[in-house]
Structures are given as C-alpha cells and as structure tokens.
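J.: Modelling step: build the complete structure from the supplied sequences, incorporating the hints.
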Amino acid sequence: MTAPPSLFARGSARIGGAAVFGALDLHVEAGRWTCLLGASGVGKSTLLRWLAGTADAVTFEGEAGADDGRPLQGRVALMAQTDLLMPWLSILENVLLGQRLRGLAADRAQARDILSRVGLAGFEARKPGALSGGQRQRVALARTLMEDRPVVLLDEPFSALDVATRARMQDLAARALHGRTVLHVTHDPAEAARLGCRIMILSRDRLDEVAAPASPPPRPPDGEDVLAATGRLTRLLLEAA
Amino acid sequence: MALRILVPVLCALALWQAAILAWDVPPYILPGPLRVARTFWSNRGLILDNALVTIVEVIAGIVLGAALGWISAVTLAISPAARLALRPMLVFSQALPVFALAPILTLWLGYGMASKIAMALLIIYFPITSAFYDALMRTPPESLALARVMGASRARAMWHIRIPAALPGFLSGLKLAAVYAPIGAIIGEWVGASKGLGYLMLLANGRAKIDLMFAALLVLAIFTLALHRAVDRGADAILERRGT
Chain D
1 MTAPPSLFAR GSARIGGAAV FGALDLHVEA GRWTCLLGAS GVGKSTLLRW LAGTADAVTF
61 EGEAGADDGR PLQGRVALMA QTDLLMPWLS ILENVLLGQR LRGLAADRAQ ARDILSRVGL
121 AGFEARKPGA LSGGQRQRVA LARTLMEDRP VVLLDEPFSA LDVATRARMQ DLAARALHGR
181 TVLHVTHDPA EAARLGCRIM ILSRDRLDEV AAPASPPPRP PDGEDVLAAT GRLTRLLLEA
241 A
Chain P
1 MALRILVPVL CALALWQAAI LAWDVPPYIL PGPLRVARTF WSNRGLILDN ALVTIVEVIA
61 GIVLGAALGW ISAVTLAISP AARLALRPML VFSQALPVFA LAPILTLWLG YGMASKIAMA
121 LLIIYFPITS AFYDALMRTP PESLALARVM GASRARAMWH IRIPAALPGF LSGLKLAAVY
181 APIGAIIGEW VGASKGLGYL MLLANGRAKI DLMFAALLVL AIFTLALHRA VDRGADAILE
241 RRGT
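Quick mapping for you: the protein sequence lines, in order, are chains D and P.
Anchor point for the first sequence: position 86 equals 86 in the UniProt record's numbering, and the numbering is continuous, going up by one each time.
Anchor point for the second sequence: position 152 equals 152 in the UniProt record's numbering, and the numbering is continuous, going up by one each time.
Among the hints, a few may not be true.
[Unchecked claim] A partial selection of chain D residues facing chain P, derived with a Cβ cut-off under 7 Å:
| no. | residue |
| --- | --- |
| 1 | Phe60 |
| 2 | Leu78 |
| 3 | Arg102 |
[As the list claims (entries may be wrong)] Quick look at which bits of chain P chain D covers, simulated, 3 or more residues with Cβ under 8 Å:
| no. | segment |
| --- | --- |
| 4 | 145-153 |
| 5 | 156-169 |
| 6 | 230-244 |
Hints were generated in silico from the structure; no laboratory data involved.
Even for Gly, the Cβ is constructed at its ideal location relative to N, Cα and C.
T.: As structure tokens, this is what we get:
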C-alpha cells in the first residue's frame with residue numbers, strides 16, 4: 001500500500017437541471033477516518049461517488065481528487081450498502097474478484113488469511129446465498145481489504161445490519177482499515193460518534209465540521225463522550241432538516 | 001411423480017378410444033390408440049429411423065442457434081456500433097415469418113439436414129439473442145461501478161460479471177428454444193425432405209396411412225416433451241448449483 005493521501009472535493013453537482021448539492025468544500029485528512037453525516041437524499045453518496053469516479057449521470061462543476069496531485073484511480077477501494085457479492089462465486093473467489101478483474105494471478109493464501117481476520121475461516125468454499133447479512137458484509141470487508149488501497153470509500157456499508165451486528169462490524173472495520181484515508185458516508189449519528197476522527201454534516205446548502213469525541217476510534221457505543229456526541233449530532237440533523 | 005404423468009396420459013387415451021367407439025369414427029379420419037400402437041410397433045424401424053433424423057436436426061439447430069445467439073448478444077452488449085448496425089436487422093428478421101424462408105433455405109441448402117438445421121436455428125436465434133442481450137444490459141450498475149473502481153477493463157467486467165450475471169436470461173432463452181426448434185425442423189421437412197418425422201407424416205398422409213401419421217406424430221410429441229423437460233431441468237440444475 002502506498003502512503004494514504006488526503007482528499008478534496010470542491011464544487012457543486014447536479015443531475016440534469018436539478019441541483020444535488022451547491023458549492024461545497026470537503027477536505028478529508030490523510031490516514032484518518034472521516035464521517036460524512038447527513039439526511040437521506042442530501043447528496044452524501046453523490047459526493048463519495050465523485051471521488052470514486054463512478055457518478056455517471058451527475059454533472060460536476062469543480063474538482064475532486066487527491067491533494068498529492070496523482071490520480072485516485074487504482075488507489076481507491078469501495079464498500080457499499082449492498083455487499084455486491086457475486087452469488088455464483090464462492091466466498092474465496094468473491095474476495096479475489098479484484099485480482100480477477102485486473103487479470104492478475106489470484107493470491108489465495110492471502111485471501112484465506114484475510115477471511116480468517118474477519119472471522120470467516122472455514123467459509124471459503126461456501127456461496128454468498130448460504131451466509132447471513134452480517135457475514136456477507138464481512139466478506140465485502142474482506143474483499144475491500146484484499147484490494148489493499150490507501151483510500152477507502154464507505155457508502156453506508158453497515159446501515160442494513162441489526163444493531164449488535166452493526167456494532168461488531170464497526171469495530172472490525174475500524175481496526176482493519178486503521179491508517180488508511182477513509183471517507184465514510186452514513187446517516188447514523190451514533191455510528192459517526194463511534195468511528196469518526198473527524199465528522200462532517202452535509203445539509204441542503206452547506207457542509208459543517210462538528211467536533212468528534214477525543215478518544216481514539218472505535219469508541220465503545222456506551223461511552224459518555226460517544227453518547228454526548230450522538231445527541232449533539234442528532235440535534236444538528238434535526239435542525240438542518 | 002410417475003403417477004402425475006401416467007394418470008392424465010391414460011385418461012387422454014381412454015377418452016380418445018371412447019370417442020371413436022361413441023361416434024364410430026372411421027380409422028382413415030381418426031384411428032384409435034390401439035391401432036396407432038400396433039402400427040407403431042410394426043413400423044418401429046421406419047419411424048425411429050426418421051425420428052433420429054429429426055432429433056439430430058433439432059439438437060443441432062439448438063446448439064448452433066444458442067452459440068450464434070450467445071455471440072450476437074455479447075457483441076451487441078459490447079459494441080454500440082454493432083447495436084446501431086445489427087439491431088434493426090435483428091428486429092426485421094423477427095418481423096419476417098421464418099416459415100416464408102423455408103422454400104428458399106431448401107433451395108439454397110438442399111433437401112438434406114442442413115436446410116432443417118438452418119430453419120431450427122433461425123427460429124430460435126432471435127429469442128435467445130434478445131433474452132441474453134436484455135439480461136446483459138441489466139447488470140446492476142453498482143456491480144459495474146465496483147468493477148470500475150477495482151480497475152477492471154470492459155472485457156474483463158463482461159467476462160467476470162456481466163455474462164455470469166446474465167446467465168439466467170440466456171437459459172430462459174434456451175428454454176424457449178427447446179419449444180420452438182422442433183417447429184422449425186418440421187416445417188423444413190414439410191417443404192422438402194427425404195427423411196424425418198415431418199417427411200414421414202406427409203408421406204403417410206398422401207398414402208392415406210393415417211395410423212402411421214398418428215404414430216409419427218405421437219413420437220414427435222414425446223420427443224418435444226422430453227426435450228422441453230430436459231432443457232428445463234438442466235437449466236434449473238445449473239442455476240441451483242451455482243447459487244443463481
């Protein structure tokens with residue numbers, strides 16, 4: 001993995017004639033976890049897709065990329081709300097999907113190692129259909145780790161999981177992705193309070209930074225600073241709506 | 001399972017025989033099942049010889065039509081230029097009744113198997129191509145976005161994601177093909193052939209051997225049912241095994 005860069009996105013976005021978000025200026029710190037919090041439909045995912053380079057139907061005015069000036073292509077891994085596992089591939093082959101798509105030799109030993117790190121040793125030969133939602137999202141995390149990219153974009157990857165599974169996934173992801181530049185889009189204030197080194201709130205017409213708890217993530221869900229931050233963030237989301 | 005097939009078959013046969021007894025239908029209009037069975041048995045060599053020809057034509061037509069449909073659908077999905085050039089032709093070829101081509105195919109390809117294979121192929125080409133092409137164009141955009149972020153070329157995304165994701169579409173086209181292909185082969189045989197069940201039926205009809213015609217028809221019906229079932233089962237088994 002190369003040194004994680006800091007990221008920026010400055011500008012506005014629209015789909016056809018409809019504005020998605022107005023002029024904003026996002027800065028994502030290198031090697032740290034930034035949460036982008038906001039209501040549904042406010043353009044969080046569009047902002048993330050701008051950096052990923054996959055927002056085809058959207059017109060952007062401005063610039064987005066890495067501050068070191070080199071292209072982001074090839075330095076980004078993406079994890080979305082749906083796990084995007086290929087149902088016809090085994091778990092191991094799903095983890096190896098990126099290497100297959102780049103035409104590289106499959107590093108099975110490393111894929112097995114990563115699967116055991118996310119607690120799925122012994123699941124290699126199974127198909128995604130045989131796994132629970134939480135297990136499937138762990139496979140998606142393993143696939144993301146296998147990419148070993150300095151920048152990781154998370155688009156509400158835990159929002160479909162039940163509370164306990166979500167909390168476990170948050171711990172696992174925070175440890176596994178530590179040291180990378182992470183931009184994590186979420187609508188859950190408690191999640192941002194647990195995971196964010198920095199927390200931004202995106203509303204219709206503005207992007208504000210909110211102070212994150214001082215302790216290092218992943219923070220315990222019942223920590224006083226986490227609960228206080230969750231309350232503060234919820235209040236801000238209420239006022240923004 | 002066997003009972004679910006056997007009971008309706010026996011009922012149909014009983015009704016058939018009862019109708020003949022009740023209305024006293026002469027055998028040159030509608031022979032009874034027993035008479036057809038006897039005719040089948042005494043002509044079994046002749047019927048099975050001709051059935052083999054039709055079976056080979058149908059299966060060759062399906063295999064070639066499926067291969068051609070596969071290639072066409074992938075080409076259309078990859079290349080916008082191919083879509084521009086080929087899609088109107090594809091739609092036109094579908095608007096044209098394939099039966100109308102049978103005499104021309106016989107003229108070009110002769111009275112042998114080739115013209116019947118071509119008929120079967122033509123009749124299934126469009127359903128397979130369009131079912132597979134539609135499925136290829138419905139790849140979830142999120143999967144394609146993931147592939148792009150992973151650095152996939154268009155060709156590799158096609159091979160590793162779009163084609164496997166579209167396999168159910170291809171297989172549903174193949175199921176349709178199993179129903180249509182025998183129609184193509186039989187029409188081809190009617191237009192001009194020296195072998196095959198369609199040819200045998202026409203010949204028997206001309207010589208007023210209606211019981212032989214029915215025997216050939218029954219063999220044809222059994223073959224098409226078996227083919228349809230085999231393709232259905234095969235397709236479902238493939239999807240089941242790979243986890244859809």
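J.: Each hint needs a verdict: does it hold in this structure or not?
T.: Structure-based check of each hint:
The interface hint given for Phe60(D) is broken, as the beta carbon of that residue sits about 16 Å from the closest beta carbon of chain P, more than 7 Å. With its C-beta approaching chain P no nearer than about 4 Å, Leu78(D) sits inside the 7 Å limit, and its interface hint holds. This hint holds: Arg102(D) has a C-beta 5 Å from the nearest C-beta of chain P, less than the 7 Å allowed. Counting residues of the segment 145-153 of chain P whose beta-carbon sits less than 8 Å from any beta-carbon of chain D gives 9, enough to reach three: the coverage restraint holds.
Chain D is given as covering the segment 156-169 of chain P, and this holds because 7 residues of the stretch bring a CB closer than 8 Å to a CB of that chain, at least three being needed. Under the rule that three or more residues need a Cβ within less than 8 Å of chain D, the assignment of the segment 230-244 of chain P holds, with 3 such residues.
Of the numbered hints stated above, the single one contradicted by the structure is hint 1.
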